[in-house]
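Engineer: Using the sequences provided together with the hints, build the complete structure.
Taken in order, the sequence shown gives residues 1 to 294; the numbers are from UniProt numbering.
Hints listed in this document are in silico derivations from the structure and should not be mistaken for laboratory results. No residue lacks a Cβ here, since even glycine has one placed at the ideal position from N, Cα and C.
Pair ranges (Cβ atoms, derived):
#1 211 with 4: 46 to 52 Å
#2 157 with 261: 41 to 47 Å
#3 88 with 29: 14 to 20 Å
#4 28 with 119: 18 to 24 Å
#5 142 with 81: 17 to 23 Å
#6 10 with 97: 22 to 28 Å
#7 89 with 225: 18 to 24 Å
#8 28 with 209: 36 to 42 Å
#9 161 with 95: 39 to 45 Å
#10 29 with 168: 36 to 42 Å
Pairs of lysine to aspartate or glutamate, EDC-like flavour, derived with a Cα cap of 16 Å:
#11 247 with 264
#12 19 with 69
#13 241 with 264
#14 81 with 221
#15 138 with 211
#16 138 with 246
#17 81 with 217
#18 19 with 77
#19 177 with 267
#20 177 with 278
#21 81 with 213
#22 124 with 98
#23 247 with 267
#24 124 with 29
#25 97 with 29
#26 97 with 121
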Amino acid sequence: MLDTLFPFKRNYLDRNGHKLQYVNEGQGEPVVMVHGNPSWSFYYRNVVSALSDNHQCIVPDHIGCGLSDKPDDSGYDYTLKNRIDDLEALLEHLDVKENITLVVHDWGGMIGMGFAARYPERIKKLVILNTGAFHLPKAKPFPWALWICRNTLLGTGLVRGFNAFSSIASYVGVKRKPMSSEIRKAYVAPFNSWANRISTLRFVQDIPLKEGDRNYELVSEIAASLPKFANVPTMICWGLKDFVFDKHFLAQWKVEMPHATVHEFADCGHYILEDASDEVVAHITQFMTEDIPA
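Structural biologist: Here it is in structure tokens:
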């Protein structure tokens with residue numbers, strides 16, 4: 001069933017002794033799609049299908065996610081800097097160094113824009129989907145469910161013992177229409193044991209909320225880099241019923257990227273590419289055909 005839903009060749013990069021799986025479909029200018037937590041490259045399957053006739057579509061699974069290896073803490077330091085390093089290593093391996101369209105979602109925003117901050121001259125266009133690349137907006141309370149997962153033993157047990165984060169996300173992450181059982185199973189399949197759920201928990205624990213938290217300064221640096229993209233064509237597609245990346249995050253993006261074209265979906269949730277797949281894929285396809293003003 002997965003091969004039918006996700007009919008792309010599996011490619012692997014040896015990353016410090018671990019296999020990083022990535023999709024690499026089509027030819028043309030590169031479109032790099034960066035997923036978040038608790039999803040994997042499967043999230044972008046419909047975008048790959050739509051764009052691969054005319055573009056090189058590159059979609060990695062972060063270490064610990066999807067079809068990539070899932071080492072324990074002794075084998076991999078699950079932190080934002082390493083995620084950015086991994087993305088950089090993959091694009092270096094593929095010799096992708098210019099005219100990149102970056103598509104980001106969830107933690108993919110911080111990872112993708114972390115890479116973009118290092119190489120702003122390589123970024124041609126940006127597509128932003130329910131994500132952040134800055135600290136928690138002042139008006140946004142930190143969600144209690146994330147607090148439990150981030151800070152308590154109960155959260156650890158729920159996430160790693162019962163797959164609560166990935167499983168629940170497959171239900172609450174969509175609002176317009178429920179995922180089919182086949183799609184939901186595909187989302188949660190890679191996270192099928194205590195050991196294989198390590199990244200799901202570590203992502204949440206890696207959220208920096210105050211000065212002194214690991215990655216706080218790195219997030220500050222990424223946020224400070226956003227003005228470098230003031231002349232980069234940018235499109236935002238946003239599900240307004242996302243309980244984490246909600247209207248407060250969208251408002252911050254509008255401040256950071258006032259030039260962006262924004263498409264808001266009042267009845268959609270976090271997994272905007274599931275809730276409004278046809279519309280969002282059509283917007284992305286159209287956006288890719290638009291010429292950049294001289």
